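As given, the protein sequences belong to chains S and V, one line each in that order.
The first sequence begins at 1 in this note's numbering and counts up by one.
The second sequence begins at 167 in this note's numbering and counts up by one.
Please keep in mind that the hints were generated in silico from the structure rather than gathered at the bench.
Check before you lean on any hint, since a few could be wrong.
[Said to hold, decoys possible] Footprint (simulated), chain S over chain V, 3 or more residues, beta carbon under 8 Å:
{"hint": "1", "stretch": "546 to 552"}
{"hint": "2", "stretch": "565 to 573"}
{"hint": "3", "stretch": "770 to 783"}
[To be verified] Straight line, CA to CA, 25 Å or less: simulated PhoX-like cross-link-like pairs of lysine-lysine:
{"hint": "4", "chain 1": "S", "residue 1": "Lys113", "chain 2": "V", "residue 2": "Lys566"}
{"hint": "5", "chain 1": "S", "residue 1": "Lys150", "chain 2": "V", "residue 2": "Lys566"}
{"hint": "6", "chain 1": "S", "residue 1": "Lys120", "chain 2": "V", "residue 2": "Lys451"}
[As the list claims (entries may be wrong)] Part of the chain V face toward chain S, derived, beta carbon under 10 Å:
{"hint": "7", "residue": "Ser383"}
{"hint": "8", "residue": "Leu541"}
{"hint": "9", "residue": "Glu560"}
{"hint": "10", "residue": "Arg761"}
{"hint": "11", "residue": "Asp790"}
Predicted, not measured: the structure shown is a model, and the values here were computed from it.
Ideal Cβ positions, reconstructed from N, Cα and C, are used throughout, including at glycine.
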Amino acid sequence: MQSSPNFGRVKFILGGLLILAAVVYLIASSTRANAEYFMTVDELHAKGNSVIGRNLRVSGAIVGDTIQYDPQTLNLTFEVASIPGDNKEIEAAGGLAAVLHQAVIDPQRARLKVIYNGPKPDLLRDEAQAIMTGQLGENGIFYVDELLLKCPTKYEEAVPAQVNGN
Amino acid sequence: MFAQFGYGVLVVTFILSLFGLGAALRGALTKSYPWAESARRAMLLTFPLITLSSLALIYLLVKSHYEVQYVYSVTSNSMPLYLRITALWGGQAGSLLFWAWLLSAFTSAITLRKWERDGEFLPWVILVSSVTLAFFLALIIFFENPFVSWWQTASGEVAAMFRPAGAVSLTPRDGQGLNPLLRHPGMIIHPPLLYLGFVAFVIPFAFAIAALITGRSDDRWIRITRRWTMWAWLFLSLGLVLGARWAYDVLGWGGYWGWDPVEIASLMPWLTGTAFLHSVIIQEKRGMLKQWNMLLIILTFDLVLFGTFLTRSGVLSSVHSFAQSAIGPMFFAFIGLTFVSSVSLLIYRWNDLKAEVELKSMFSREALFTLNNLLFMGVLIVCFWGVIFPLISELVTNQKVTVGPPFYERATAPLFGALMLLMGVAPLSAWGGSTIKTLGRAVWKPALAAGLVMAVIFAAGVHNVVALIGFGLVALVIFVTLYEFWRAALSRRKTSGENFFLALWKLAGRNRRRYGGYIIHISMVLMAIGILGIEVFQTETQGTLPQGSSLELAGYRVKFDSVAQFDTTGGRNVTRAVVSVFKDDRYLGDIYPRRDYYYESSQPMTIPGLYSTLADDLYVILVDWQPISASGATFKVYHNPLVNWLWIGTVIFIFGTLVAAWPEKELQVAG
C-alpha cells in the first residue's frame, strides 16, 4: 500500500497489456499455422505448383459420373467443376443451384480430380457443391482432409413441382 | 383466410409497437405518467396479438395449407403433428416471428412488475424493447413474411401476400418438408432454447440503456435484471449444449462442436454474457467496473442480434445456412445503429460511471474477476477474428483466407486453461486485498492435491501434456470448490449447532448466487473432462466386415450380426445394422447404427449406434452395405473416452444455475 496511486494504475495497465499481447500472439501464430486459402478451381489451375502442399479450401460442383467409391478401402474419388467463389457472382448467375448445374454440364469448364478417404457423405451427389479442405499433390490431384457438401436445390427458393390450381 | 388474418394482426401489432415507442418517448421526455402508462398498455397488448398471429401460422402448418409458401417449405404430408408445430421455427420467416413473440412475452412480463421505485426506468425500458420489437416486426412484414401464398399467373407461379391481378390460388399437394437433419428432438428444442437465451438478454440491455439515459449511476439496473440475466444465460448455455448433442447424435462425424461460424456466432454472446455475470458482482460489491458492465451488456445485445442474423442470413458458408435472404443489410444497419447510439450514450455518461474504489491489490478478488473478464474477452476476440478473417484477408490481399477448427483450438485452449486456473484460485481470494502470500497460503494445499492427481494420471500412462495440465486444473477446481463448501458448512455448524448437511443446505440457501456459482464451476470442469477426453484421446478405425466378423478398437470388439432394410414412418427407408459389442470377450449388448433415407428430399441421414459408459463411448457408424450379397457392411468406429462427462456436467450445470437464479426471499430488501 506504500506505492503511489500512479504506480498502482501502471501495474494494472501493464498487466492488461500483457494479456492483450498474449492474445494477439495466440491469434497471430495460430492464424499463420492454420490458414486455409480459399480458391476456385480456375485459380488453383492458374497458380499451379506454387500452392502445392499449402492448406487450401476449394469449392466446386460435383460431376456425378466421375464419383467412384470403394467401400473396402473407403477411397472416394470424383471430379469437381469450377464455380465462381464470389457470392455476388453466384447470385448474378441465377443462384447456387443454377451455377452448379451450368458448371457440371459445361464440358469446357476447368475440372479438378479429388481423392478423399472416409465414409461416403450422405449429400454426395451430382451437382452438389463440395467445399473441400486439403492439399494439392504434385500429380495435380487434390487430396482432401475435410469434405463439406451442400445441396441447394431442395431448400431454397424452390417453386412447387406438382400443383393443382383451384 | 388464416394467412390474411395472421398478417393483418402483425401489421396492427407493428403499428401498435410504433405507437408504444412514441408514447414511451413522450412519457419519458415530459415525465408524463399517462403517456408512460399508455406505452405500457400498448406493450402488454402486443403479446396476445403476436400470439394470435403465431397461432394462425401454427394452424396453417398443422392443417397442411401448402398454398402458404412457408408451410410448403417446412412441412410435408409425412410429418407428424409435433414436427408440424415445431416447424414454426423450422425456417427463417417463422423463426423471426417466434423471436418477436418471445420478445413481446418477456417485455410484457417485465412491465407487469411493481415499478414504484423505478418509475423513471419504465418508459425507457419500453422504448428500447419497442424499438427492437418494431424492427423485428418490420422485417417480418416487409421482407420475411411467413404468410405469403402461392399464386398461378399467366407468366408462371409467384409467391405474394395478396392475389396478383388475374391470378388463381395455387395449392401444392405436398410440401417440401423440414430438412431431415432437423427432425431430431435435440434440434426441435435447440433453436427455441437458444432464442430464449438470445431474447432474454434484451431485458438487461433495455435496463442498462434506461440507466444510461436517466443518469442513474448506481447498480439498481443490475439488481433488477440479475435473475433475468441468469435465466437468459441458462437458456443460452443449454441451447449451445443441445446443439452439440444434436451434432453428436445426428451429424455422424464423431464430434460435437465444429467451430462453424454459426456455432461461434451463438458462442460469442455467451462469452460476453458470462463475463457480464461475473463483473456485475464486482459492481455490486465494490462499485467498480461500471463502464465495463455497460459495455459488456451492449456488446451482448449486439452479438445476440449478430447471432440471430448469422444463423439466418447465409452470409457465411456453414452447415446451418439453409436460408439466404435479403434481410442481411437490415440486420447490419440495426446492429450498427444500436451499437453506435448505445456506445455514444455510454461515452456521454462516462464520467458519472467512474469507479468508487481504486483497484489496489493484484491478487484481490476484484482483480481476479477483472482478469477473468479479460480472458473471456480474449476468447471473444479469437472467435471474432476467426469469423471475420476471411473478409479482412479478402479486402487486404484480395485472396480469401480462412481458419478452421485447429486455429480456434490452438488459440483458445490456453485461455480456457487460464480461466480454469482462475476458477481454482479466485474463490480463495479476498475482496479488497489479498497478497500473493495470503493467497498462496490458501492455495497450496489444494494445489498440492491437484499435483498428486496429475502424478497419478502420469503414472497411469497418460503422458499427453495438454491432458495432464487439463486434468490437473480440473482437480484443482474440484478440490478448492469442495473445500469452500466444507469450510463454510463447518463454521456454520460451529456457530449454529446444526448438523453438517443442514448447515450446508442453509448455507447454500443464504447465498444462492455464490454457492450456485460454485456448483456451476464444478459442472464446467466436468464438461472439461469430457471435452479433454474426446479432443485428446479420440481414436477411430474402419473396415468392411462380412457378417459375423469383428472390428477391434480400444479394448472393444464390435461384431457385425445382421443388416435389414425397411420402410417406416415419416417417409423414410431405414437401413439398420445389428452390431454386438464385446469387451474382453464379455458380451455387453447390441447397438443399431442406421441410415435413414428420406424419399421426399432424397436425402440420407446417418445415425450412429452408441454404447455409452461413464468411461467412454463406442460410436459406430454404418457407412455402406451390400444389399443382397453376404459380402457385408462397412463401419466406422470411434472410441470417445470420457465424453459422457460433457452431458453429465450439463445436468449439474442446470442445477447450479437454478440454485443461483432462484428467487431469494430473505434478501428482498425493502425501500
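Checked hints:
no., hint, verdict
1, 546 to 552, "holds (count 3)"
2, 565 to 573, "holds (count 8)"
3, 770 to 783, "holds (count 3)"
4, S:Lys113 x V:Lys566, "holds (22 Å)"
5, S:Lys150 x V:Lys566, "holds (20 Å)"
6, S:Lys120 x V:Lys451, "violated (57 Å)"
7, Ser383, "violated (21 Å)"
8, Leu541, "holds (7 Å)"
9, Glu560, "holds (8 Å)"
10, Arg761, "holds (8 Å)"
11, Asp790, "holds (4 Å)"
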